[in-house]
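**Q** Sequences are here, hints too, so could you generate the full structure?
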Amino acid sequence: MHAALTIARRELDAYFVSPIAYLVTAAFLVISGFFFSIFLISAQQQPNNDITQVMQGLFNNINVILLFIAPLLTMRLLADEQRSGTIEVLLTSPVRDWEVVLGKFLAALALFLVMLLLTLLYPLFIWRMGGNPDWGPIFGGYLGLTLLAAATLSIGTLASALTENQIVAAVIAFAILLVLWLIGAAGTVWTGAAEVFRALSILERSDNFARGVINLEDIVYYLSLIIGTLFITTRILETRRYS
Amino acid sequence: MIEAQGLSKHYGTRIAVQNVSFQAEQGEVLGFLGPNGAGKTTTMRILTGYLPPSDGSASIAGHDVLRESRAARRNLGYLPENVPLYPEMTIAGYLDYMARLRQVPQRRDALQRAMELVHITERADDRIGKLSKGYRQRVGLAQALLHDPPVLILDEPTVGLDPRQIIEVRELIRKLGSERTVILSTHILPEVSQLCNRVIILSNGRIAAIDTPQSLTTRLQGMERVRLQVGKPVPGIAEQIGLVAGVQTVEEGANGVFEIQSTRDQDVRPLLADLVVKQGWGLLELRAMSMSMEEIFLELTTHDIAATAAPTTPAAEPIPPDVAPAEDENEVVTKDA
Numbered sequence: 001m002h003a004a005l006t007i008a009r010r011e012l013d014a015y016f017v018s019p020i021a022y023l024v025t026a027a028f029l030v031i032s033g034f035f036f037s038i039f040l041i042s043a044q045q046q047p048n049n050d051i052t053q054v055m056q057g058l059f060n061n062i063n064v065i066l067l068f069i070a071p072l073l074t075m076r077l078l079a080d081e082q083r084s085g086t087i088e089v090l091l092t093s094p095v096r097d098w099e100v101v102l103g104k105f106l107a108a109l110a111l112f113l114v115m116l117l118l119t120l121l122y123p124l125f126i127w128r129m130g131g132n133p134d135w136g137p138i139f140g141g142y143l144g145l146t147l148l149a150a151a152t153l154s155i156g157t158l159a160s161a162l163t164e165n166q167i168v169a170a171v172i173a174f175a176i177l178l179v180l181w182l183i184g185a186a187g188t189v190w191t192g193a194a195e196v197f198r199a200l201s202i203l204e205r206s207d208n209f210a211r212g213v214i215n216l217e218d219i220v221y222y223l224s225l226i227i228g229t230l231f232i233t234t235r236i237l238e239t240r241r242y243s
Numbered sequence: 001m002i003e004a005q006g007l008s009k010h011y012g013t014r015i016a017v018q019n020v021s022f023q024a025e026q027g028e029v030l031g032f033l034g035p036n037g038a039g040k041t042t043t044m045r046i047l048t049g050y051l052p053p054s055d056g057s058a059s060i061a062g063h064d065v066l067r068e069s070r071a072a073r074r075n076l077g078y079l080p081e082n083v084p085l086y087p088e089m090t091i092a093g094y095l096d097y098m099a100r101l102r103q104v105p106q107r108r109d110a111l112q113r114a115m116e117l118v119h120i121t122e123r124a125d126d127r128i129g130k131l132s133k134g135y136r137q138r139v140g141l142a143q144a145l146l147h148d149p150p151v152l153i154l155d156e157p158t159v160g161l162d163p164r165q166i167i168e169v170r171e172l173i174r175k176l177g178s179e180r181t182v183i184l185s186t187h188i189l190p191e192v193s194q195l196c197n198r199v200i201i202l203s204n205g206r207i208a209a210i211d212t213p214q215s216l217t218t219r220l221q222g223m224e225r226v227r228l229q230v231g232k233p234v235p236g237i238a239e240q241i242g243l244v245a246g247v248q249t250v251e252e253g254a255n256g257v258f259e260i261q262s263t264r265d266q267d268v269r270p271l272l273a274d275l276v277v278k279q280g281w282g283l284l285e286l287r288a289m290s291m292s293m294e295e296i297f298l299e300l301t302t303h304d305i306a307a308t309a310a311p312t313t314p315a316a317e318p319i320p321p322d323v324a325p326a327e328d329e330n331e332v333v334t335k336d337a
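Chains as they are written, first to last, in the numbering used here: chain A, 1 to 243; chain B, 1 to 337.
The following residues of chain A were derived to be distant from chain B, with all beta-carbon distances above 12 Å:
1) ILE31
2) ASN60
3) LEU67
4) LEU124
5) PRO137
6) ASN165
7) VAL168
8) VAL179
9) ALA194
10) GLY212
11) ILE219
12) VAL220
13) TYR221
14) LEU223
Not everything, but these chain A residues come out facing chain B in the computed CB check (under 7 Å):
15) THR6
16) THR92
17) ARG241
Okay, the calculated beta carbon distance ranges per label pair:
18) ILE65(A) x ARG164(B): 54 to 64 Å
19) ALA199(A) x SER132(B): 56 to 66 Å
20) ARG107(B) x GLU238(A): 26 to 36 Å
21) ARG164(B) x LEU178(A): 48 to 58 Å
22) ARG96(A) x ARG113(B): 26 to 36 Å
23) GLY192(A) x ASP64(B): 49 to 59 Å
24) ARG113(B) x PHE34(A): 49 to 59 Å
Think of the hints as simulated: they come from the structure by calculation, not from any bench.
We put the beta carbon where it would ideally sit given N, CA and C, even for glycine.
**A** Structure below.
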């Protein structure tokens with residue numbers, strides 16, 4: 001665990017050396033700010049002035065943004081170490097393979113949580129301006145986003161272990177996420193299996209959180225997806241030694 | 001300190017390393033010599049635990065590289081080929097990171113010591129990406145030395161350095177090798193005779209020879225080569241020389257020069273001198289030709305060893321360095337098999 005945190009710290013530093021972390025953070029804030037403004041203005045124009053809708057709408061859009069930025073945050077993690085050969089030094093130091101994977105994943109998650117933390121300005125803004133936001137669903141929404149982010153970033157980490165090319169890693173991650181996103185829609189065609197498809201969908205569940213509904217089942221879904229993906233990533237790292 | 005037993009590595013049907021066995025003790029510098037693709041890097045990667053062997057076993061400081069991988073890795077410092085580093089980090093930042101990963105006690109002191117050993121202290125805050133090849137190599141070495149490991153594995157430590165840097169690095173390796181076990185790979189032949197107590201010559205993934213550089217030279221010289229030059233070459237000299245006891249082959253060159261090969265351990269020079277003087281050919285020159293490391297290397301690696309040496313050949317067995325040359329004739333001159 002000690003090694004994982006050391007790796008995570010180095011990785012976080014590396015994020016801020018390249019422009020990618022700044023660019024992604026800036027884009028994320030501009031887009032989420034844009035959505036926040038739109039929902040806020042449209043809520044003001046409605047007769048009932050329902051402020052809770054604002055944050056819920058925002059969460060549902062951040063969900064989608066995540067699918068696009070997660071691959072950008074994770075593509076470098078293991079791919080670049082494999083391309084440059086630094087993985088050889090890392091794996092011949094007395095560090096366990098899972099510590100490498102966990103460290104990389106935690107760095108990406110930490111970066112995203114910083115970005116997410118900045119969006120707390122929006123509900124604080126509503127509150128400061130005299131609105132009375134419903135903190136329950138807001139807290140739920142943030143919890144859901146954190147879990148969704150961890151799941152998408154773990155998938156990105158896995159994709160990054162598969163190749164030494166960052167672009168390829170990003171494309172693989174995006175493809176997997178897109179499938180997990182769209183699989184819910186498959187239920188509308190094969191209505192018989194609609195429940196199964198919805199259960200598999202990565203996005204449907206975070207909607208529950210945004211509505212303030214926290215199901216144990218949803219938490220278990222995300223946690224098992226994260227742990228399972230990181231486990232597979234560790235195995236990929238191990239088997240890549242054999243190739 | 002280091003023990004390898006029958007190491008093999010296959011990639012599908014391609015054989016990278018085949019039945020490699022050897023030992024290295026403390027205070028020994030062992031050189032891996034061989035052309036590109038001979039299996040030097042693969043063997044080193046197996047020893048570091050980076051690549052699992054397809055067959056065989058290896059141990060570092062008594063720890064099996066597969067079963068007690070982390071214990072083995074704790075006892076070893078590794079400089080991979082081409083020195084992979086993180087370009088965005090500073091030297092000090094990188095070494096600090098590696099020291100943390102290795103949980104080095106008294107990190108600050110260890111860092112200072114490693115940087116001083118390779119003379120990079122004054123550039124501690126420079127970005128690695130801006131460093132010259134020589135400095136990168138030193139950073140890689142410092143990384144391998146951070147935790148003061150008993151075993152050092154250095155893959156081509158002097159490649160890409162200028163002559164002055166090469167001398168520095170060699171001096172460092174010699175110093176390190178006095179109390180540690182060092183394995184280094186190279187294709188620079190003088191390096192081996194200068195640095196190594198023992199040499200393993202690898203060819204096509206197999207051990208072609210394993211011995212001290214000195215006795216490797218003398219063993220191959222067992223097949224004595226003599227250069228003879230006479231002042232008055234007359235036809236038929238070659239035939240007459242061929243009749244001298246112990247002479248195996250005679251090659252006639254221009255200007256009365258003959259290259260003569262004799263059987264092992266037999267000096268034919270007195271007999272040749274007698275003959276030349278008796279016949280009045282006019283002796284100009286008569287000397288034994290010694291083989292350089294280059295010639296030995298070519299001799300051992302250009303022949304198709306894989307075709308002649310069965311996997312059970314004695315060449316693959318570890319040879320104690322003190323074995324008398326006469327006993328291990330087969331090991332070196334595999335082309336005779």
